[in-house]
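**Q** Please put together the full structure from these sequences, using the hints given.
Line order of the protein sequences matches chains P and C. Letter by letter, the first sequence follows residues 1 to 111 of this note's numbering. Letter by letter, the second sequence follows residues 1001 to 1116 of this note's numbering.
Don't read these hints as lab results, they were simulated from the structure. Be aware that one or more of the hints could be misleading.
Ranges of calculated distance between the beta carbons of each label pair, as one might list FRET restraints [claimed, not checked]:
| id | chain 1 | residue 1 | chain 2 | residue 2 | range |
| --- | --- | --- | --- | --- | --- |
| 1 | P | Asp-17 | C | Tyr-1010 | 32 to 40 angstroms |
| 2 | C | Ser-1067 | P | Phe-46 | 22 to 30 angstroms |
| 3 | C | Tyr-1010 | P | Ala-78 | 29 to 37 angstroms |
| 4 | P | Phe-46 | C | Pro-1061 | 21 to 29 angstroms |
| 5 | C | Met-1054 | P | Asp-31 | 19 to 27 angstroms |
| 6 | C | Glu-1056 | P | Asp-31 | 18 to 26 angstroms |
| 7 | C | Glu-1079 | P | Ala-29 | 33 to 41 angstroms |
| 8 | C | Glu-1056 | P | Phe-46 | 17 to 25 angstroms |
Some chain P residues judged to face chain C by a derived CB distance under 10 angstroms, without partners named [as the list claims (entries may be wrong)]:
| id | residue |
| --- | --- |
| 9 | Gly-41 |
| 10 | Gly-43 |
| 11 | Pro-93 |
Quick caveat: nothing in here was measured; it's all calculated off a predicted structure. Where is the CB? At the ideal position from N, CA and C, for every residue including glycine.
This is what each chain is made of:
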Amino acid sequence: GESVGLHLPTLSVQEGDNSIINCAYSNSASDYFIWYKQESGKGPQFIIDIRSNMDKRQGQRVTVLLNKTVKHLSLQIAATQPGDSAVYFCAEPINDYKLSFGAGTTVTVRA
Amino acid sequence: DVKVTQSSRYLVKRTGEKVFLECVQDMDHENMFWYRQDPGLGLRLIYFSYDVKMKEKGDIPEGYSVSREKKERFSLILESASTNQTSMYLCASSTPALQGSGNTIYFGEGSWLTVV
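**A** Below you can see the structure in the form of structure tokens.
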């Protein structure tokens, strides 16, 4: 069945460095992907999304890349800051009312 | 900005109590959702609603019910709380038709429920 998964459960990054968080998906027909950030004790927060007709989309300090050939997307965070410490997970709609979520990558920023 | 507000952030209830979790969204979204989130299990859909007075079971509806009397408000009800319902509960909302439309789900801050 369709699923969205993340490659690594944890990522430790030095403050100021760039972070790359990866996600693999299995449904080649998927046409929309979302990245969420969840800080400790809080609800998931929408970060950025991308449609399948795009390869790249940029936001403020974040970039999402989509490689449909290998069914892989990534979230890049530029100049990682302490406030970026959180769990990041990707998601995709599997029908009109349901998202499939990846398990999440915990990003820890070292000072 | 989308605002999904959950009225209670932290609750402690006794086994067998009836529990109400309230959620309000201010974006006139048609869809509203209740999820629970547990370590190692991720986000699991309990119930969702696509219109006033309409409800549909998600993946884990057992032990829960919902109410949607107004478009902006969606309540989760635990008729008789049990310890295995200790969890973080997340309300969310969205415009219709997630698939193929680029519409996403926006979450509230979560309600931490402990059943003792």
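**Q** Give me the numbers of the hints this structure contradicts, sorted from smallest to largest.
**A** Structure breaks no hint.
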